[in-house]
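Q: Protein chains in written order, with the working numbering: chain A, 1 to 199; chain B, 200 to 398.
One should not assume that every hint holds.
What the hints assert, rightly or not - Derived lysine to aspartate or glutamate pairs resembling EDC-like cross-links, with alpha carbons at most 20 Å apart:
no., chain 1, residue 1, chain 2, residue 2
1, B, Lys343, B, Glu384
2, B, Lys343, A, Glu81
3, B, Lys343, A, Asp47
4, A, Lys129, B, Glu384
5, B, Lys276, A, Glu81
6, A, Lys77, A, Glu53
7, B, Lys387, B, Glu208
8, B, Lys240, A, Asp139
Claimed, not checked - Facing chain B, according to a computed beta carbon distance under 7 Å, are these residues of chain A, among others:
no., residue
9, Met36
10, Glu39
11, Ala92
Just so you know, these hints were derived from the structure itself, not from any lab. Idealized CB from N, CA, C, for every residue including glycine.
Protein chains: 2
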Amino acid sequence: MTMRLYDLEVSGNCFKVRLMCSFLGLPLELVPVDFMAGEHKKPPLTDLNPFGEIPIFVHGDLVLRDSQAILVYLARKYGGETWLPTEPVAMAKVMEWMMVGGNEIMRGPNDARLHVRFGYELDLDLARKKAARILGLMDAHLSKNQWLALGRPTIADIACLPYVGIGHEGGVTLTDYPAIRAWIERIKNLPGFITMSGL
Amino acid sequence: MTMRLYDLEVSGNCFKVRLMCSFLGLPLELVPVDFMAGEHKKPPLTDLNPFGEIPIFVHGDLVLRDSQAILVYLARKYGGETWLPTEPVAMAKVMEWMMVGGNEIMRGPNDARLHVRFGYELDLDLARKKAARILGLMDAHLSKNQWLALGRPTIADIACLPYVGIGHEGGVTLTDYPAIRAWIERIKNLPGFITMSGL
Chain A
1 MTMRLYDLEV SGNCFKVRLM CSFLGLPLEL VPVDFMAGEH KKPPLTDLNP FGEIPIFVHG
61 DLVLRDSQAI LVYLARKYGG ETWLPTEPVA MAKVMEWMMV GGNEIMRGPN DARLHVRFGY
121 ELDLDLARKK AARILGLMDA HLSKNQWLAL GRPTIADIAC LPYVGIGHEG GVTLTDYPAI
181 RAWIERIKNL PGFITMSGL
Chain B
200 MTMRLYDLEV SGNCFKVRLM CSFLGLPLEL VPVDFMAGEH KKPPLTDLNP FGEIPIFVHG
260 DLVLRDSQAI LVYLARKYGG ETWLPTEPVA MAKVMEWMMV GGNEIMRGPN DARLHVRFGY
320 ELDLDLARKK AARILGLMDA HLSKNQWLAL GRPTIADIAC LPYVGIGHEG GVTLTDYPAI
380 RAWIERIKNL PGFITMSGL
């Protein structure tokens with residue numbers, strides 16, 4: 001049964017799904033979405049995802065929106081206890097950083113990039129301030145930990161990687177965050193790693 | 200072993216944890232935090248949570264930040280397959296709405312309330328615009344579904360409830376969202392429900 005991703009190459013959220021499938025060795029059919037024409041904001045794509053966003057992931061009857069939810073599906077279905085364990089403490093520790101990937105990083109480095117690279121109207125100073133806060137917290141954490149959770153790669157790392165790694169496209173560089181840079185290199189050295197433009 | 204919550208009564212994120220423990224019949228020791236004095240932004244609380252935020256949840260050696268991560272822990276440890284099932288599709292469907300609770304709802308109704316009730320400097324018009332968008336999407340979903348995911352109460356409902364239900368404190372009322380109002384009533388009728396001020 002084919003797995004299909006409604007995809008945009010420059011989307012970090014779509015990249016999370018491409019990267020996870022690559023790590024797991026899963027074939028993934030990419031359906032490019034004409035983002036500039038707003039294809040994701042009209043039927044038939046809004047029938048799949050009323051939020052009018054990508055990624056959209058389709059596997060048989062299953063349709064999922066939200067990159068973090070898709071990572072959870074792939075990890076639980078194909079990753080055994082490796083990428084998202086079911087043990088309560090371990091799962092919660094991964095979840096702490098999944099939420100950072102879906103919230104603080106989106107409001108910081110991602111918003112800065114949306115403004116600078118794609119012309120979104122938003123408060124650039126605020127986005128950079130939020131970026132500095134979350135990157136400082138991540139760098140402090142990664143200076144004492146090789147990975148965000150559990151001492152090994154999990155979907156938390158995948159959820160947090162893209163917009164941190166391409167934040168320089170919004171002027172949010174990693175110059176002051178050596179532990180984050182080292183963490184990105186560790187992810188890039190994992191078997192099955194693929195990249196995206198800007199990373 | 201005592202479960203301890205560093206708590207603020209008016210915090211919707213703290214309420215998520217209190218409500219979940221009540222639904223599960225778990226005793227929870229509340230440690231009130233002097234939020235106005237910034238107690239959460241200084242040691243010893245920043246030793247527990249470097250993010251300088253509450254809730255902070257302590258259970259023996261385990262320390263968790265982020266309300267969604269705490270819900271995951273409680274659901275997996277004490278909720279069997281009820282509140283957060285391990286089956287991949289079901290878990291991903293819950294996760295879609297957990298992310299809404301941690302992102303869209305925070306940027307919408309919560310930001311509006313932070314500005315109006317607590318004087319936070321932020322863009323009120325933008326917060327209200329984002330609130331209208333996510334409430335419209337939720338109302339459409341709940342007009343066809345009794346619960347956010349799986350056709351039954353899950354931690355997705357708990358994660359999304361508080362800031363939607365108290366958004367009126369930021370001028371975000373539910374007048375135009377009858378399906379959301381009916382969903383809140385359903386939650387309030389669940390055995391073990393407790394409330395918070397404003398809800």
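Q: If you test the structure against every hint from before, which numbers come out violated?
A: Structure breaks hints 2, 4, 6, 9, 10.
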